[in-house]
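Student: Each protein sequence line maps, in turn, to chains X and S.
Under this note's numbering, think of the first position of the first sequence as 1, with each following residue one higher.
Under this note's numbering, think of the first position of the second sequence as 1, with each following residue one higher.
Bear in mind the hints are in silico, worked out from the structure with no lab data behind them.
It is possible that part of the hints are untrue.
[Stated by the list, open to error] Quick list of in silico lysine to any residue cross-link-like pairs, SDA-like style, CA-CA up to 25 Å:
1) X:Lys-289 - S:Arg-228
2) S:Lys-208 - S:Phe-66
3) X:Lys-58 - S:Gly-29
4) X:Lys-412 - S:Ile-56
5) X:Lys-136 - S:Asp-131
6) X:Lys-289 - S:Val-233
7) X:Lys-136 - S:Arg-134
8) X:Lys-58 - X:Glu-184
9) X:Lys-335 - S:Ala-45
10) X:Lys-335 - S:Asn-234
11) X:Lys-53 - S:Phe-206
12) X:Lys-304 - S:His-232
13) S:Lys-208 - X:Ala-119
14) X:Lys-412 - S:Val-61
15) X:Lys-180 - X:Thr-140
16) X:Lys-335 - S:Lys-230
17) X:Lys-22 - S:Tyr-129
18) X:Lys-335 - S:Ile-224
19) X:Lys-467 - X:Glu-477
20) S:Lys-230 - X:Arg-305
21) X:Lys-289 - S:Trp-236
22) X:Lys-21 - S:Ser-137
23) X:Lys-40 - X:Ser-269
24) S:Lys-208 - S:Leu-59
25) X:Lys-188 - X:Tyr-270
26) X:Lys-58 - S:Trp-236
27) X:Lys-335 - S:Thr-46
28) X:Lys-16 - S:Phe-66
29) X:Lys-302 - S:Arg-231
30) X:Lys-350 - X:His-336
31) X:Lys-136 - X:Asp-5
32) X:Lys-10 - S:Asp-131
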Amino acid sequence: MAKPDFELPKLDEVLKTPPVKKGASAHLKIHPGQPQMMEKLGFPPALVDGWQKKAVEKLGELKEKYRSVKLFMEVCVKCGSCADKCHYFLGTGDPNNMPVGRQELMRKVYRKNFTVGGALFGGLANAHDMDEETLKEWTTYFYQCSQCRRCSVFCPFGIDTAEITMAAREIMDSIGVGHKYSVEIVGKVHDTGNNLGIPKPALIGTLEFLEEDVKEATGADVKFPLDVEGANVLMITPSADFFSSPHVDSLVGYAKVFHAAGVSFTFSSYASEFANFGMFMGNYEQMKKVAERIFQAARDLKAKRIVVGECGHAWRVAYSFWDTLAGPLDFLDVKHPTHICEFTNDLIKKGALTLDKSANDEFVVTYHDSCNVARASRMGGSPGGQFEIPREILRAVCNKYVEMPDSVNREKTFCCGGGGGLLTDELMELRVKGAAPKTAALKRMMDEKGVNTMAMICAICKAQFTKVLPYYDIPMETVGGVHQFVSNAIRLGDK
Amino acid sequence: MSALTLFYAGLSYLCAAVFFGGLAYKLAGYALTPNPLKIPLTPQATTAAGVVKRNIVGLVVFRALFGGERWTWIGGYSLHVIFIFVFIRHIRLFINPVPEFLINIQPPALLFAMLLPLPIVYLFARRVYVDRYRHISSGADYFALVLLLLIGLSGLTLKFLSHSDLAGVKEFLLGILLLSPVEMPAHPAFLLHFSLVLLLGFYFPFSKLIHSGGWALSPTVTQIDDSREKRHVNPWGGR
Chain X
1 MAKPDFELPK LDEVLKTPPV KKGASAHLKI HPGQPQMMEK LGFPPALVDG WQKKAVEKLG
61 ELKEKYRSVK LFMEVCVKCG SCADKCHYFL GTGDPNNMPV GRQELMRKVY RKNFTVGGAL
121 FGGLANAHDM DEETLKEWTT YFYQCSQCRR CSVFCPFGID TAEITMAARE IMDSIGVGHK
181 YSVEIVGKVH DTGNNLGIPK PALIGTLEFL EEDVKEATGA DVKFPLDVEG ANVLMITPSA
241 DFFSSPHVDS LVGYAKVFHA AGVSFTFSSY ASEFANFGMF MGNYEQMKKV AERIFQAARD
301 LKAKRIVVGE CGHAWRVAYS FWDTLAGPLD FLDVKHPTHI CEFTNDLIKK GALTLDKSAN
361 DEFVVTYHDS CNVARASRMG GSPGGQFEIP REILRAVCNK YVEMPDSVNR EKTFCCGGGG
421 GLLTDELMEL RVKGAAPKTA ALKRMMDEKG VNTMAMICAI CKAQFTKVLP YYDIPMETVG
481 GVHQFVSNAI RLGDK
Chain S
1 MSALTLFYAG LSYLCAAVFF GGLAYKLAGY ALTPNPLKIP LTPQATTAAG VVKRNIVGLV
61 VFRALFGGER WTWIGGYSLH VIFIFVFIRH IRLFINPVPE FLINIQPPAL LFAMLLPLPI
121 VYLFARRVYV DRYRHISSGA DYFALVLLLL IGLSGLTLKF LSHSDLAGVK EFLLGILLLS
181 PVEMPAHPAF LLHFSLVLLL GFYFPFSKLI HSGGWALSPT VTQIDDSREK RHVNPWGGR
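Throw the hints in and build the complete structure from the sequences for me.
Tutor: Structural data, given as structure tokens:
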């Protein structure tokens, strides 16, 4: 691993609150959205004339469209409970990465324009105009938030910085300042059906290769069908599952589960993406458009239900938003999306899968809760199912499973550091630093409990950790998907 | 009627209008602003009763703050509990006759109420001495604490150092309440105390103190986790 050109957080200290270091991450900037990409999504290609006024108008519009924006702008008492709960603050010490500090960047503009006190007392109330300096802070620090919601767990009023960050990004997009990574990705979904821009032939090639590969390894004819009309299940999964490692190992796991259960399924080349970066942009229309594509595929293929793969924010969109955005899903037999973990766990409970746990004996596995699954969704019928179901699967397929400490587990989990549309190279320093708190917990588990594997159900978490763990001298192979271990353990008789 | 009484009686009615009107305006403003999407902070209860129960428990113990920042919880929690005792101490000035139990709990209530300055000074010091809180604190945050402290100190002055004509005060307050103001006791400490309370009344709805009612309309903590069971409709979402 090449030495980074920045100082790595010390893992034995990163879980303690750091001293405030003003401007510590002010140099970490996104690449702006290219004009043609911005226009493609209906945004101005570049910073518009009179943007100061237009940004404030947009904020005024959003505060009337989203109760979260209005209420969260006004009820914060600045108690500071959230201050040291953000992984980016713990990793950088920059006070604008304290959730309340980040919110303040919008709140000062809000105060100036929409409150009596701010209009009357200005500076005394920390009210500030939208100006060049403020925009610079926005383009920096609203792209240093991964919308993970950890801060809101500790807020007495449930103030969710993710809502503020989404609004800020929406405002910036509306005045012509976008994020290259996100606008490019959403553009690709509109063109090709997935974030990576994978064309159909490449998808066919991969799936055929996987079929041969699994046949060779297991002797079973596990199918990876594409665009099969009338299949029972439409499988929607993050496109990273088709091409990235370790993601693809989970994809193999899904296919084996369907095979073992005897349930027909198909992928779709029209909707070959579960991720929905419209959410990261805070743009309702884009989020809706991306979701509609999936619904269209389900209609076209006459599927009876939609099962979705391992992806965190996309599960939030599917579980919490799909029905509102593009629903109802009344043309399906199962009128809501099913998470692959729910699907697999049901089969395990029914005894429908033959599992050989010893196949995973080389792994001492712990589980990383992904933010959007943990704090913004549910699985199963009761609260907290999103925590228990993936764990039940892991315990069913692995002999050696170890739990993370409570302070970083379940709804208190730390973000991997790459969520919220920040999984981009220009932010590598931020990603490495933001990953430090969870990595510190993992490192301790490795040293004390002999853990050698961290399982998860999020494509972004997987991509992020495989990239940043080596900075901390932890091998990238430590990262795995839950269905990767299902895949290892499942025994496929030719039933 | 003296000019002083006229002035304060008028100001009291204005204050009541601004306070209650402002509170209603603000809270109705939140309530009428749509929640386009389901954004409960999970795990959350899947029924309305479950959410209410969870939030009542959360309110009684200040759960999120307790789990988040214990030192702040100590200050914030004790401050709010003391508010309740201060409130209990004051009811007797606004009702006639005063029920027996209310008279009986005055001494223990006083014991707690007189502690009011302690958490305020503590919370103030916290903002000054801890670098994170110093960074996020602005004039408004200090102002709210100072205002409450001055109200508390002037109140304690009335109780322990410079007694006002309590019967006269009660008569004045009841007069205001019953819309037939009577002469106001021109006691300096009382005038100060009363003026500061009026200032608080004007300030309250338009400041961060709106958190007192606002939290109950916060979508993340009040929405039910039932997106699977019940379709949530966005009024401006075009579906």
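Student: Each of the hints needs a verdict: does it hold here or not?
Tutor: Results of checking the hints against the structure:
1. X:Lys-289 - S:Arg-228: 21 Å, holds
2. S:Lys-208 - S:Phe-66: Between S:Lys-208 and S:Phe-66 the Cα gap is close to 20 Å, so the pair holds against 25 Å.
3. X:Lys-58 - S:Gly-29: 18 Å, holds
4. X:Lys-412 - S:Ile-56: 21 Å, holds
5. X:Lys-136 - S:Asp-131: 24 Å, holds
6. X:Lys-289 - S:Val-233: 17 Å, holds
7. X:Lys-136 - S:Arg-134: OK: X:Lys-136 and S:Arg-134 at ~23 Å, within 25 Å.
8. X:Lys-58 - X:Glu-184: Given pair X:Lys-58, X:Glu-184 holds - Cα atoms ~23 Å apart, limit 25 Å.
9. X:Lys-335 - S:Ala-45: 21 Å, holds
10. X:Lys-335 - S:Asn-234: It holds: about 19 Å lies between the C-alpha atoms, which stays within 25 Å.
11. X:Lys-53 - S:Phe-206: 24 Å, holds
12. X:Lys-304 - S:His-232: Holds, because 22 Å separates the two Cα atoms, which is no more than 25 Å.
13. S:Lys-208 - X:Ala-119: Distance of about 15 Å is within 25 Å: holds.
14. X:Lys-412 - S:Val-61: 19 Å, holds
15. X:Lys-180 - X:Thr-140: 14 Å, holds
16. X:Lys-335 - S:Lys-230: Holds, because 11 Å separates the two Cα atoms, which is no more than 25 Å.
17. X:Lys-22 - S:Tyr-129: Status holds; Cα separation ~17 Å.
18. X:Lys-335 - S:Ile-224: 19 Å, holds
19. X:Lys-467 - X:Glu-477: Given that 25 Å is the threshold and the Cα spacing comes to 10 Å, the pair holds.
20. S:Lys-230 - X:Arg-305: This hinted pair holds, its Cα atoms lying about 18 Å apart.
21. X:Lys-289 - S:Trp-236: 15 Å, holds
22. X:Lys-21 - S:Ser-137: Status holds; Cα separation ~16 Å.
23. X:Lys-40 - X:Ser-269: OK: X:Lys-40 and X:Ser-269 at ~22 Å, within 25 Å.
24. S:Lys-208 - S:Leu-59: Satisfied, since the Cα-Cα distance of roughly 18 Å is no more than 25 Å.
25. X:Lys-188 - X:Tyr-270: Holds, at about 12 Å.
26. X:Lys-58 - S:Trp-236: With a Cα-Cα distance of about 16 Å, the restraint between X:Lys-58 and S:Trp-236 holds, given a limit of 25 Å.
27. X:Lys-335 - S:Thr-46: 18 Å, holds
28. X:Lys-16 - S:Phe-66: At roughly 18 Å apart (the allowed maximum being 25 Å), S:Phe-66 and X:Lys-16 satisfy the hint.
29. X:Lys-302 - S:Arg-231: 22 Å, holds
30. X:Lys-350 - X:His-336: 21 Å, holds
31. X:Lys-136 - X:Asp-5: Roughly 24 Å between the alpha carbons, so the hint for X:Lys-136 and X:Asp-5 holds.
32. X:Lys-10 - S:Asp-131: 21 Å, holds
Going down the numbered hints, you'll see the structure goes against none, and every one checks out.
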